[in-house]
Amino acid sequence: MIEQHLAALPIILPLIAAPIALLLGRSLITWAFATLVSALSCIASWQLLTTTLSVGSLSYALGGWPPPWGIELKVDVANAFVLLAVSAMSTLVLIYSKDSVAKEITINKHPLYYTAHLLCLTGLSGILITGDAFNLFVFLEISSLATYTLVSLASDRRCLTATFRYLVMGTIGATFILIGVGMLYMKTGTLNMADLAVKIAAYDSNRTLNTGLAFIMVGVSLKLALFPLHMWLPAAYTHAPSSVTAFLASTATKVAVYVMIRFIFTVFGAAHVFDDMGMNTILMILAIVAIFKCSYMATVQSNVKTLLAYSSVAQIGYMILGISLVSVTGLMSGLIHIFNHALMKGALFMAVGAVFYRMGSVKIEAFKGLGKQMPLTMAAFTLAGLSIIGVPLTVGFVSKWYLVTAALEQGLWIVAALVLLGSLLAVVYIGRVIEAAYFQPLPESQGASKIKEVPLLMLVPMWILVLANIYFGIDTSLTVEAAESAAKSLFQGYNPTEGAL
Amino acid sequence: MSFISDYYNYWIVVFLMMTGFYIVISANNLVKKVVGLNIFQTSVFMLYISMGKVSGGTAPIVVEGATQYSNPLPHVLILTAIVVGVATTAVALSLIVRIKDEYGTVEENEFENKDDAI
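Residue numbers (the numbering used here), protein chains in the order written: chain A, 1 to 501; chain B, 1 to 118.
Keep in mind that the hints were calculated from the coordinates and are not lab data. Incorrect hints may have been included.
Here are some, though not all, of the chain B residues that point toward chain A, as calculated from beta-carbon distances under 8 Å [said to hold, decoys possible]:
hint, residue
1, V44
2, L77
3, Y103
Below, simulated DSSO-like cross-link-like pairs (lysine-lysine); rule was C-alpha separation at most 27 Å, straight line [to be verified]:
hint, chain 1, residue 1, chain 2, residue 2
4, B, K114, A, K103
5, B, K32, B, K100
6, B, K114, A, K363
Bear in mind the structure is a predicted one, so any value in this text is a computation, not a measurement. Note that beta-carbon positions come from the ideal geometry of N, C-alpha and C, so glycine has one too.
Please build the complete structure, drawing on both the sequences and the hints.
This is the structure we're talking about:
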């Protein structure tokens, strides 16, 4: 019974749990409940990944209406892989958020926080699992609306203006996607992605469809904060509560990258988007500019959260660069980096949240001398920072290795060199924080006795992520196998005979 | 000439879309920005609704003697999108209320100055 409905579980569980969490009403109970639900959907997505790895893709007709008329949920390795990263991050962040939220959000809003978190998880899982283009838009808006609420819950008043800007940009992005989907429907009369793929391929280039593609790409680029459209991201990440930043940085933009992959490879077909429309050149240029411009911006920030937010935009550049190389290895490196970046940015933002918990500030000055006062937190920050740089034995190295390999495969040694140069900028911005933490004395005004290590519930998820950073850096079998199988199946395009369950 | 008259619904959509977009970008007042956003979204609703019209078709309700119906699916889809739009507007307006509480203004340049002053 449960196995039959496995594909719907990651959406249904948090969706039903969200109003219950609101009704529970007490901070501690809601926290435990939300964590439990998130853990359950994490188990369900793990099941989905193992099932899809062994039997191929699953198709689930929602409400018993067969596709293409009904809404189809379609799980293949690509989305099960990202889904596992999202639900695992959600669980870890929820464990972490008990103390972090208690510090940063007033107590009467705690149930709201956990409700919004569950709704956001619903939206993100929905985007990943659905096989219906319009349904994707609806889930995108569910997750976005929940995200706006989460960002605006911080105690600093600047979070409100940051949220408002995020809302305006996010709505424009989503509306662009809506326009694009409308144009596809106008020409093909279907919304099911697999069906769309067949009908679009039959058209062999049509102006309405190409315009739809352009609208969708711009809309998705706004959502995933691709370089010139990233302006909302640093402010939103800086002013959001720490646990929200950790969650969003490691999931929301990654899911949008997945949406871009889905539209390029499944709906429009890689051949059309890249060969006919030349989208790979545009993406590659934007990605490389993102890597350098935003890594540079990160090196000059004084607020560590802003610094990491700019670093996120640069890392998204690496993912898009992987996609733009138009090869299985390139796409694979993009998918691996989606997973790996969730691990490293999650750990980094959790460490920064821990510093905020004790010091009440995330300026670089606040990190001075913390290496001795908060050894575990700063060690976690350092290890995750090494991962961002791409030091061997960490996950950052694995994704950069595949990215550079993919670039060299195509003879694009300039791109490969640029990727490595971008890593040097990461050394600078991570190094500035580490330098302050380990090589500068604690300011006199700070009583050293006051600064203690953060509570265990914050340390444990942070260290799980750090250890995962190292574990997946050494044993790459799961990530590489899943990403490779996903990339291969995405490149094959849609095969109408597979996938009935 | 027929290029303009045949596609008049799309011209209206494009005009509304650009108007809304311009208001979002240029307005300094946050409420006006939300109004612009609404106009922008409404234009897309109209795009969908006009797209579902079949010339000579009646409303998609079963009635005696009707053989041709307009496509009901875009209308249904846009009902969902309208709900999403209303939700977005509600969130935006409640944010504006909180911004007004905290900053005492809803003019973008004014609260930017207040943030810079810190």
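Given Y103/B as an interface hint, is its Cβ closer than 8 Å to any Cβ of chain A? Hint on Y103/B: holds, closest Cβ of chain A at ~7 Å, below 8 Å.
Is the hinted pair K32/B and K100/B satisfied, with a Cα-Cα distance of at most 27 Å? holds, 14 Å
Would the hint on V44/B stand, with a C-beta cut-off of 8 Å toward chain A? holds, 5 Å
Against the 27 Å threshold, does the CA-CA distance of K114/B and K363/A hold or violate the hint? Measuring from Cα to Cα gives roughly 20 Å; hence the hint holds.
Given L77/B as an interface hint, is its Cβ closer than 8 Å to any Cβ of chain A? Hint holds; L77/B Cβ to chain A Cβ min 6 Å, cut 8 Å.
Taking only the CA atoms, is the gap from K114/B to K103/A under or equal to 27 Å? Roughly 26 Å between the alpha carbons, so the hint for K114/B and K103/A holds.
Violated hints: none; the structure is consistent with every hint.
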